[in-house]
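Visitor: Hey, can you work out the whole structure from these sequences and the hints?
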Amino acid sequence: MNTHTSDVVVVGGGLVGSAVAYGLLRQGLSVAIVDGGDDALRASRGNFGLVWVQGKGYGLADYARWSFGSARLWPGLRDALREETGIDVELQQAGGLHICLTEDEMRQRLERLEWLRREVNDPAYQHTALSADEARQRLPGLGPEVHGATYSPMDGHCNPLKLLRALHAANQRRGAAVFNRIQVDGIAHQGGVFTVRAGENRWQAPRVVVAAGLATQALAAMVDMFVPVRPNKGQVLITERVAPFLTHPTNYIRQTDEGTVQIGDSMEEAGYDDMVRSPVNAKIAARAVRCFPALANARVVRTWAALRIMSPDGFPMYQESATLPGAFAVTCHSGVTLAANHAYTIAPWIAGGGKPAAIAAFAATRFTPDTEVKPYGI
Amino acid sequence: MASNQPLFQPLPAVQPAPDTVSVQVDGAPVRMSRQASLAAGLLAAGVTAVRRSPVGGEARAPYCMMGVCFECLVHVDGVPNQQACLVVPQEGMRVQTLRSLAASESEGAHV
Amino acid sequence: MSEPTRDLIVIGAGPAGMAAALAARRRGLDVLLLDEQPDVGGQIYRSITTTDAQRQRILGPDYSHGASLADAVKAAGIAHWPGTAVWQVDTDKTVHALRGGANHHIAAKALVIATGAMERPFPVPGWTLPGVMTAGAGQILLKNASLVPRAPAVLAGCGPLLYLLAAQYLRAGVAIQAILDTAGGTDWRLAIRHATALLAGWGYVRKGLGLLREIKAAGVPFHQGVEKLRIEGADAAEAVAFTSRGQAHRIPCGLVLLHQGVVPNNQVTWSLRAQHHWDDEQLCWVPTCDAWGQTSLPGIYVAGDGAGIGGALVAELQGELAGIAVANALGQGERQDGEAQRARIRQHLAIRPFLNQQYRPKDEFRIPADDVIVCRCEEVTAGSIRAQVALGCSGPNQTKSFSRCGMGPCQGRQCGLTVTEVIAQATGLPPADVGYYRIRPPLKSLTLAQLASE
Numbered sequence: 002m003n004t005h006t007s008d009v010v011v012v013g014g015g016l017v018g019s020a021v022a023y024g025l026l027r028q029g030l031s032v033a034i035v036d037g038g039d040d041a042l043r044a045s046r047g048n049f050g051l052v053w054v055q056g057k058g059y060g061l062a063d064y065a066r067w068s069f070g071s072a073r074l075w076p077g078l079r080d081a082l083r084e085e086t087g088i089d090v091e092l093q094q095a096g097g098l099h100i101c102l103t104e105d106e107m108r109q110r111l112e113r114l115e116w117l118r119r120e121v122n123d124p125a126y127q128h129t130a131l132s133a134d135e136a137r138q139r140l141p142g143l144g145p146e147v148h149g150a151t152y153s154p155m156d157g158h159c160n161p162l163k164l165l166r167a168l169h170a171a172n173q174r175r176g177a178a179v180f181n182r183i184q185v186d187g188i189a190h191q192g193g194v195f196t197v198r199a200g201e202n203r204w205q206a207p208r209v210v211v212a213a214g215l216a217t218q219a220l221a222a223m224v225d226m227f228v229p230v231r232p233n234k235g236q237v238l239i240t241e242r243v244a245p246f247l248t249h250p251t252n253y254i255r256q257t258d259e260g261t262v263q264i265g266d267s268m269e270e271a272g273y274d275d276m277v278r279s280p281v282n283a284k285i286a287a288r289a290v291r292c293f294p295a296l297a298n299a300r301v302v303r304t305w306a307a308l309r310i311m312s313p314d315g316f317p318m319y320q321e322s323a324t325l326p327g328a329f330a331v332t333c334h335s336g337v338t339l340a341a342n343h344a345y346t347i348a349p350w351i352a353g354g355g356k357p358a359a360i361a362a363f364a365a366t367r368f369t370p371d372t373e374v375k376p377y378g379i
Numbered sequence: 760m761a762s763n764q765p766l767f768q769p770l771p772a773v774q775p776a777p778d779t780v781s782v783q784v785d786g787a788p789v790r791m792s793r794q795a796s797l798a799a800g801l802l803a804a805g806v807t808a809v810r811r812s813p814v815g816g817e818a819r820a821p822y823c824m825m826g827v828c829f830e831c832l833v834h835v836d837g838v839p840n841q842q843a844c845l846v847v848p849q850e851g852m853r854v855q856t857l858r859s860l861a862a863s864e865s866e867g868a869h870v
Numbered sequence: 008m009s010e011p012t013r014d015l016i017v018i019g020a021g022p023a024g025m026a027a028a029l030a031a032r033r034r035g036l037d038v039l040l041l042d043e044q045p046d047v048g049g050q051i052y053r054s055i056t057t058t059d060a061q062r063q064r065i066l067g068p069d070y071s072h073g074a075s076l077a078d079a080v081k082a083a084g085i086a087h088w089p090g091t092a093v094w095q096v097d098t099d100k101t102v103h104a105l106r107g108g109a110n111h112h113i114a115a116k117a118l119v120i121a122t123g124a125m126e127r128p129f130p131v132p133g134w135t136l137p138g139v140m141t142a143g144a145g146q147i148l149l150k151n152a153s154l155v156p157r158a159p160a161v162l163a164g165c166g167p168l169l170y171l172l173a174a175q176y177l178r179a180g181v182a183i184q185a186i187l188d189t190a191g192g193t194d195w196r197l198a199i200r201h202a203t204a205l206l207a208g209w210g211y212v213r214k215g216l217g218l219l220r221e222i223k224a225a226g227v228p229f230h231q232g233v234e235k236l237r238i239e240g241a242d243a244a245e246a247v248a249f250t251s252r253g254q255a256h257r258i259p260c261g262l263v264l265l266h267q268g269v270v271p272n273n274q275v276t277w278s279l280r281a282q283h284h285w286d287d288e289q290l291c292w293v294p295t296c297d298a299w300g301q302t303s304l305p306g307i308y309v310a311g312d313g314a315g316i317g318g319a320l321v322a323e324l325q326g327e328l329a330g331i332a333v334a335n336a337l338g339q340g341e342r343q344d345g346e347a348q349r350a351r352i353r354q355h356l357a358i359r360p361f362l363n364q365q366y367r368p369k370d371e372f373r374i375p376a377d378d379v380i381v382c383r384c385e386e387v388t389a390g391s392i393r394a395q396v397a398l399g400c401s402g403p404n405q406t407k408s409f410s411r412c413g414m415g416p417c418q419g420r421q422c423g424l425t426v427t428e429v430i431a432q433a434t435g436l437p438p439a440d441v442g443y444y445r446i447r448p449p450l451k452s453l454t455l456a457q458l459a460s461e
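Chains as they are written, first to last, in this note's numbering: chain A, 2 to 379; chain B, 760 to 870; chain C, 8 to 461.
Read the hints as simulated data drawn from the structure, not as lab findings.
Note that the structure is a prediction, hence the values are computed from the model and not measured.
Hints may contain errors.
[To be verified] A few chain A positions that, by computed beta-carbon distances, are all more than 12 Å from chain C:
1. G56
2. A62
3. P76
4. D80
5. A95
6. E115
7. A323
8. Y345
9. P357
[Unchecked claim] Have a look at the derived ranges for each label pair, beta carbon to beta carbon:
10. A:P124 to C:R280: 35 to 41 Å
11. C:A109 to A:S132: 33 to 39 Å
12. C:T295 to B:P771: 55 to 61 Å
Positions of the beta carbon are idealized from the N, C-alpha and C atoms, including for glycine.
Guide: Structure below.
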């Protein structure tokens, strides 16, 4: 039997687990990261890459503030990772556009953003409504079917795979002990120490963080927490490299730092099916061409479908076990946007600092097994 | 029109002569057999490199001749990134390789 | 564009695909045969319908055998879509394909995937240079276009196809500069161990020995036990350097043809998430099938080299089996048990263990040094893969996401096997545990407009 001891065990080596681990290492703690295998579901590999604020938090303004806060911390994270690892995660925060294809969409969108502006009530938190012509000025090539767009200077994007790699590299340099291909089958607790168990292997620490994507619910239950997550399928298309044409990311389409065009974004309740399927991929393609007609001749080189994490209301869950203090669950849908907050705000809390007021609304205890689940569809 | 000596040449005179068409390759006319792929026609005409790698810019040429290596990508009638080994030459077809495309164009599509 | 449901769609019109289509059609099934090429034949019988006497003499009687299959397919009136690129296959057996620029999706009750084989990757320094091609490419140029090397070429690698091409070039009056044999050399103790199999497959062995005789008789420089192979040149191949029996050599040359065996072309079955297993003898992934060639997905069959390398005659027999199986499953015509075909397949496959051992590609050429490009499309080196393993990646999908290796247009066809083995060596895990890329559609690229027109 192999037993490893550290200050914290982080179960999950994706964007959430890696960002939290990074923050914990910065706090001077020793960290063990326990991660699944190459064929694990890995929502982190299916991320669209937006660092996005506008429109988030409708119905729960705290989430708008949480996203905004993270976006403001993001440049610091980018700089730190670049300095520590040499990896530039290609953060661009020059603003983003949400494209609306119909008048109805535009109207609903503006209602939503106005509600958010009133609730958040911060002069720095802003958006602008753009007519089709105004949108076209910012995004030449926008098609005639576009009705309008909403622009926010708060928005941006990065390279999510480089982000994950940078976090892994930074964590390694800071001395994290990383264990791969691990399937956790139990978390025991005795005398203030948690023991994470996988076959004959053990990881012991006074603190354990469950940040395991879709596996979070089962693992959190082992430490007396109800953390309901379910899969939400998103399909994405990637084109060949094209000449630079898209200066700002949009909700459906962004041009990556490599020059390829990434196109989404669908949401399906499809259980654990992560196969790319028609007709959703065709609908995504059709919408992209409506937005940018010149993309009609761009070739789709690859596609993917990823199972992202959805809570019953779509907002994150940050919870410390009431009966087993020291056990935490950290789960969210937007692992890229929130990476900075996870490193700089969540990690200090887990390390023993006070619970930040900003996350009070995200207790997992707001859900019970009877909570109604909101369906999501394309 | 060959800038280099061709790497390949035809077997001695084939009877009956194959059905040929005239294809524009980088602006110059080339006769090609309709029974052979465009990639074969390019190689016979002395084209030794067809594109630049989008990563490092190195010249690349057909490698597998059967559609699994994706090295033989050329522009055909204005459409980029066609696998020449799967294209059947047609009369008047316009083919562009790295020799007539700007550096950025031969790497990827234009929008 | 939507189509009526077919009883059977066969993907690939080589010997396996043609035989499957024929067997099914003879039992009265409605069959659609799809292929990327302008006519039937696959690669082994490429251009068989447009060939001439000169090429047939050079290529030999094995090639000419393909004509009978091609003729039978035409005579049977099997619906055949040439020039058709299959870009997505669904588990419900719907096939999405581009034909003449138009998108089609066609439903079927059963599928036979007969996509054949492709050359094993041969990553050596300089293998991406213009002037470096596969031996298979050389043979395709001969079959398809009557083209042969203008200046004497160097043939490097191992395996029957390399020697066959050499013999064919010699018959065509083409000089060969040198053959660089990377195999270990004839191991006669091995031969004795496989004596029974050798006797059963004597036809193959005699053929192989005959080829070697032809090559030796022509006086082609033949270097054995080749190691440290590298191709040199600035913008194109200029020379080949290597060691042989401890001696260093450098041969100026503008055309190098590489070959170290063929491996199944599995993109379709991987994209379906059919079960595969690692075959340590063939050093490749093979779809796991039952005695009829049915994969782990009901109603989806594999036949031919795509099911494991067996050669053209085995491919034909497997195709027949698959066609019969589909007809059996659909209750069409008299049920057959396939035992006659299986017996002949066993005979033909008897020689394979010997060939696999005799021509086992050396580690150096499958698991290259750090500075060698593994992913041609994205120019990722073996060293980069090893660095990602050191960062914690335990499989090819993680290394892909960290290095872009496998993200280019070929979608892992040229690098997949190499990456699995590099990671296996770096982690100490067997290839079976390392796994393979998650293959996704489109299997061939298509424009957004074409995709949108579904």
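Visitor: Taking the numbered hints from earlier one at a time, note which ones the structure violates and give those numbers from smallest to largest.
Guide: 10, 12
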